[in-house]
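K.L.:
One letter stands for each residue in the lines below.
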Amino acid sequence: MSAATAARDLTAHLALVGNPNCGKTALFNRLTGSRQKVANYTGVTVERKEGRFIGPSGRRFRILDLPGAYSLQPKSPDEAVTRAVCLGELASEPLPDVLIAVVSATNLRLHLRFALEVRALGRPMVLVLNMMDEARRLGMQIDREALARELGVPVVEAIAVQHDGAQALVELLDQGVPPVPTVATPPDLHAETARLLGRTVTFSDTVSLRDERLDAVLLHPVWGPLVLAALLLLMFQAVFSWAGPLMEGIKSGMAWLTDLVNGVLPEGPLRGLLTDGVIAGAGGVLVFLPQILILFLFILALEESGYLPRAAFLLDRLMVGAGLSGRSFIPLLSSFACAVPGIMATRSIQHPRDRLVTILVAPLMTCSARLPVYALLIGAFIPDRAVGGVFNLQGLVLFTLYVAGIASAVLVSMVLKRWFSGQGDTEQPLLLELPAYRLPNPRDLAIGLLERARIFVRRVGTIILSLTVLLWGLGSFPAPPEGATGAAISYSFAGMIGHALEFVFAPIGFNWQICIALVPGMAAREVVVGALATVYALSDTSEAATQQLAGLIGAQWGLPTALSLLAWFVFAPQCISTLAVIRRETNSVRTVWLSAAYLTTLAYGAAFLTFHMASALTGA
Amino acid sequence: MTHAPILLSLRDLPLRVSASIAAVVPRSADDRIAQRLEELGFVPGERVRVVAHGPLGAEPIAVQLGFTRFALRRAEAERVMLNAQSVESPATRTGQP
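Taken in order, these protein sequences are the chains called R and V.
Sequential numbering from 1 applies to the first sequence in my numbering.
Sequential numbering from 621 applies to the second sequence in my numbering.
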């Protein structure tokens, strides 16, 4: 035995392959615990999950959780990766030593067919009958030994959500690589599946009554949308109010850290870099983490429970009308908290065109980073008075800004749809499986949440941090000349850029102070508030300063300018991390330019119209 | 064929009514949607039942096939042809899916 094969014997490469909703990921979590690595397959934005575990005899395993697939004739990038890995066609992945075909025992008619496709590859293989607890509950009896005999491959039972649920699989794998299947696969896989089921499985004749009853309500044309609306309301409530105390905590933590640095370091570039660059930059990301975690928790729980595809079912017709598909719903919903996780979530949209359109319109959803800007401007310019007895004028303006974002997303996707259909685009199917309802497993929720949080912090953290440092540099150098009277920032590079840009923004009513604030505000929208405070030479950016700032700009700016700036923020791509994530998720610089260009054009146009209409109306 | 059975498309199957599949008819030689329908188990002989309609324009539809439910748009369901003789309304339906 050569050294290479000996080393390979030490670590066996496994790949989990199976239909969506077969409980594959729960099994993966059960086998590997938190020893997982999540990344992308080289060159494509398909999630690659790898984990490790050690068998009872000390054998080491590396295991890939391949994307769920219905067939090895791929219809999406995910399925293409699954096929390529199973065939050893992907240069970056070794051919798996063992394919572990996972089927849900409750859905054998669908899943066993795919397992037969996998068997036809002629690779060493194990079949895992997952969700055996559910199958027993439904009154099914499966003759495991007969199935193994008929299939010519080892068959083990598993309950991935139970503590020892994968033990039989681990013990089997620990004994060594199973043999190549000996039974030939007939061409008609459906007929073969039916034959196998006839010989080895006794079905009780009830469809899951529980699911039937749940769907009768949740897919009902009236109750269904009402339940969905209630769930969304709860989710928004959670994201925007439950996260509040945590966000305040992070903010005061950052303030404490800033004070600490200010106390230790003398005034100078290093202190500025640490407090205004690093701490402000990292804080800008971290402060949104509670919202994003709560959002992810809701989405994960809805996903695990099997409800999400139902939401897509209820909304599909509406979304098709807007040039999207039911699958675009979750990414767009997430974008209300932050476009970055929203754009990351578009991976679940299988069709490239639908995915691209969703990515392009996601930044139009009013993300929470816009709220501080909206709050400042609305507080300063819109009178706090009741309208029609029940509504508040400030609240109505905020609502209008949200609606403006959604309405423009609808318009943009309709335009894009027409544009794509001119390019010979083909029919996009919905064809969505509505899986059995399940109670979300806390362990899987926790693992999923941790994983997504890690990806978010790593991705956005590095981008925002490096950019805020860069923008801090632009705003701090060169230092103001001796005896300068204005704010330091107006003598810096950012100030020069702001002054130079003044003539561009003058037609939409922006003064030079706003122009300067927009430069550091490229890092993240809410930074504009702090930047404005800096331009107006306010020493700190605390709550009191924001109040003070509101008074200042309320006295200095006209209403048309304020409204114009609000309109600008509905559209403007004032967020480098969004653009960076678009770049990562589409692998295309062209798409980044396309979205930045169209958003800026819309922003400028909307601000221009707003400014001139408001000027005409107020007689300014 | 002289004795062609009367066909009905899944698109037009009423709510809560079941029928058995006669064929999946591709729209073109390379109809990926028809291909996927077959992979999902829409094959001759299997029974399907419409379990729900979407809230707007009764689109899409939710279909029970074996132990699995699928959401399909009507344009997709149109490819699935059913045996008209096999149609069973809910009153005559037994516990079979």
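Certain hints may be false.
[Unchecked claim] Incomplete in silico selection of chain V near chain R, CB under 7 Å:
#1 VAL645
#2 ARG652
#3 ARG656
#4 PHE687
[To be verified] If you anchor each label on the Cβ, the simulated ranges turn out as follows:
#5 R/ALA91 to V/GLU666: 46 to 56 Å
#6 R/ARG195 to V/ALA643: 14 to 24 Å
#7 R/PHE503 to V/ARG647: 16 to 26 Å
#8 V/ALA643 to R/ALA446: 27 to 37 Å
#9 V/GLU708 to R/LEU450: 47 to 57 Å
#10 V/GLU708 to R/SER241: 46 to 56 Å
#11 R/LEU209 to V/LEU635: 11 to 21 Å
#12 R/ARG195 to V/GLU708: 50 to 60 Å
Everything labelled a hint here was simulated from the structure, so no lab data went into it.
These numbers come from a predicted model, not from an experiment.
Glycine is no exception: its CB is placed at the ideal position from the N, C-alpha and C atoms.
K.L.:
Run every hint past the structure and note whether it holds.
P.N.:
To see whether the hints hold, each was checked on the structure:
1. Checking V/VAL645 against chain R by beta carbon gives a least distance of about 15 Å; that is not within 7 Å, so the hint is violated.
2. Checking V/ARG652 against chain R by beta carbon gives a least distance of about 6 Å; that is within 7 Å, so the hint holds.
3. For the restraint placing V/ARG656 at the interface with chain R, the shortest Cβ-Cβ distance is roughly 6 Å, inside the 7 Å limit, so the hint holds.
4. A distance limit of 7 Å between C-beta atoms decides the matter here; for V/PHE687 the minimum to chain R is near 5 Å, and the interface restraint holds.
5. Hint check: R/ALA91 to V/GLU666, Cβ distance near 40 Å, so the stated range 46 to 56 Å is violated.
6. Checked against the given bound of 14 to 24 Å, the beta carbons of R/ARG195 and V/ALA643, roughly 21 Å apart, stay inside it.
7. Between R/PHE503 and V/ARG647 the beta carbon distance is about 56 Å. The supplied range of 16 to 26 Å is therefore violated.
8. Judged by the Cβ atoms, the range 27 to 37 Å given for V/ALA643 and R/ALA446 is violated: they are separated by roughly 47 Å.
9. For the pair V/GLU708 and R/LEU450, the beta carbons lie near 49 Å from each other, so the given range of 47 to 57 Å is met.
10. Our hint of 46 to 56 Å for V/GLU708 and R/SER241 holds, since their Cβ atoms are close to 51 Å apart.
11. Checking the proposed 11 to 21 Å range against R/LEU209 and V/LEU635 shows it holds: the Cβ atoms sit about 18 Å from each other.
12. Under the hint 50 to 60 Å, the C-beta atoms of R/ARG195 and V/GLU708, about 25 Å apart, miss the expected range.
When the structure is compared with the earlier hints, violations turn up for hints 1, 5, 7, 8 and 12 and for no others.
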